[in-house]
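Please work from the sequences and hints to get the whole structure.
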Amino acid sequence: MPRPTLVTGAAGFAGSHLLELLAPQGFDIVAWHRPGGSPPATDNSIRWQAVDVLDRDGVRAAIQELQPAAVYHCAGAAHVGEAWHAATTTLATNVLGTHHLIEALRDFTPDAHVLNTSSALVYSPSAAPLDEQHALGPASPYGLSKLAQEMVSGGNADGPFVHVARPFNHFGPRQSPSFAGSGFARTIALIEAGRIRPEIQVGNLEPLRDLTDVRDTVRAYQLILERGTPGRPYNVCSGRPIKVGHLLDMMLRRAHVSIRVVVDPARYRPNDSPVVQGNPARIREELGWTPRISVEQTIDDVLAFWRERSNAA
Numbered sequence: 001m002p003r004p005t006l007v008t009g010a011a012g013f014a015g016s017h018l019l020e021l022l023a024p025q026g027f028d029i030v031a032w033h034r035p036g037g038s039p040p041a042t043d044n045s046i047r048w049q050a051v052d053v054l055d056r057d058g059v060r061a062a063i064q065e066l067q068p069a070a071v072y073h074c075a076g077a078a079h080v081g082e083a084w085h086a087a088t089t090t091l092a093t094n095v096l097g098t099h100h101l102i103e104a105l106r107d108f109t110p111d112a113h114v115l116n117t118s119s120a121l122v123y124s125p126s127a128a129p130l131d132e133q134h135a136l137g138p139a140s141p142y143g144l145s146k147l148a149q150e151m152v153s154g155g156n157a158d159g160p161f162v163h164v165a166r167p168f169n170h171f172g173p174r175q176s177p178s179f180a181g182s183g184f185a186r187t188i189a190l191i192e193a194g195r196i197r198p199e200i201q202v203g204n205l206e207p208l209r210d211l212t213d214v215r216d217t218v219r220a221y222q223l224i225l226e227r228g229t230p231g232r233p234y235n236v237c238s239g240r241p242i243k244v245g246h247l248l249d250m251m252l253r254r255a256h257v258s259i260r261v262v263v264d265p266a267r268y269r270p271n272d273s274p275v276v277q278g279n280p281a282r283i284r285e286e287l288g289w290t291p292r293i294s295v296e297q298t299i300d301d302v303l304a305f306w307r308e309r310s311n312a313a
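Using this note's numbering, the letters of the sequence shown correspond one by one to residues 1 to 313.
Read the hints as simulated data drawn from the structure, not as lab findings. Glycine included, C-beta positions come from ideal geometry on N, C-alpha and C. Hints may be right or wrong, so weigh each one.
To be verified - Simulated restraints, written as ranges between beta carbons of each label pair:
no.	residue 1	residue 2	range
1	281	151	22 to 30 Å
2	194	111	17 to 25 Å
3	126	25	56 to 64 Å
4	3	285	25 to 33 Å
5	269	195	26 to 34 Å
In structure tokens, the structure reads:
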């Protein structure tokens, strides 16, 4: 019998979109979610398991039973801003949780291939486009946790075979409103529904960010796992940064009502890089991946998602 494909953090943002990509392809998918919650409704072929990556014994028992052939490791603390106030939790989840997973795979199924979802924030800040050879030097607790996550998962001469994705900013439907793009869209939808006053409070609108639709991002994840070189990092990015304020303007032009923008300095991050732009040459030339979904389409889909939720509430 074919061995299963495991997706950790499958109830999260990228994980849920990854399930939608993989399920129609006929994979035998096992999806991990955090204990204490109910898994979301998905394709009936997906088998859900409640596994806490911080529970070493639980991870080992699950891996020993599953013997997965492929693992997409999407579990982890994902919010850059919140990591400043929750550094301990961020480091524990991203580093120790990854260590538990890799350790179990090394002991019970060392021939497995693993997709380690790192981050562009492992790089030292720079105004120039970042390629995979750029110096490493995280400027935030989140970036530090992701660099450490890479370090604890690599160097396995006898397996498992770890593939590294370094995604830049990705957004799309179902993303938490604690992230800028999704938060803008949710506020606009609530204003249109008459549930809050026509005002949107924002932080720093000047940074330039390299945005990719999450559905393009998870498509890159599959290519990196299936065709990428183990241990060789791949940027997942568009190479075309957009100012946060311009993203907001594009959303406001699609709003059905007039909305006032209020800048709140309390929303500024302690250390916010003015530019985060990636160079996608390696993933394009080696794996043939390029983004297919435009920023405009993503904005329309995110607004539609939040409008539907706001109207149903």
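These are the hints, each one checked on the structure:
1. 281 / 151: 22 to 30 Å: holds (25 Å)
2. 194 / 111: 17 to 25 Å: violated (57 Å)
3. 126 / 25: 56 to 64 Å: Distance hint for residue 126, residue 25 is violated at roughly 37 Å.
4. 3 / 285: 25 to 33 Å: holds (31 Å)
5. 269 / 195: 26 to 34 Å: Since residue 269 and residue 195 have Cβ atoms about 28 Å apart, the given range 26 to 34 Å holds.
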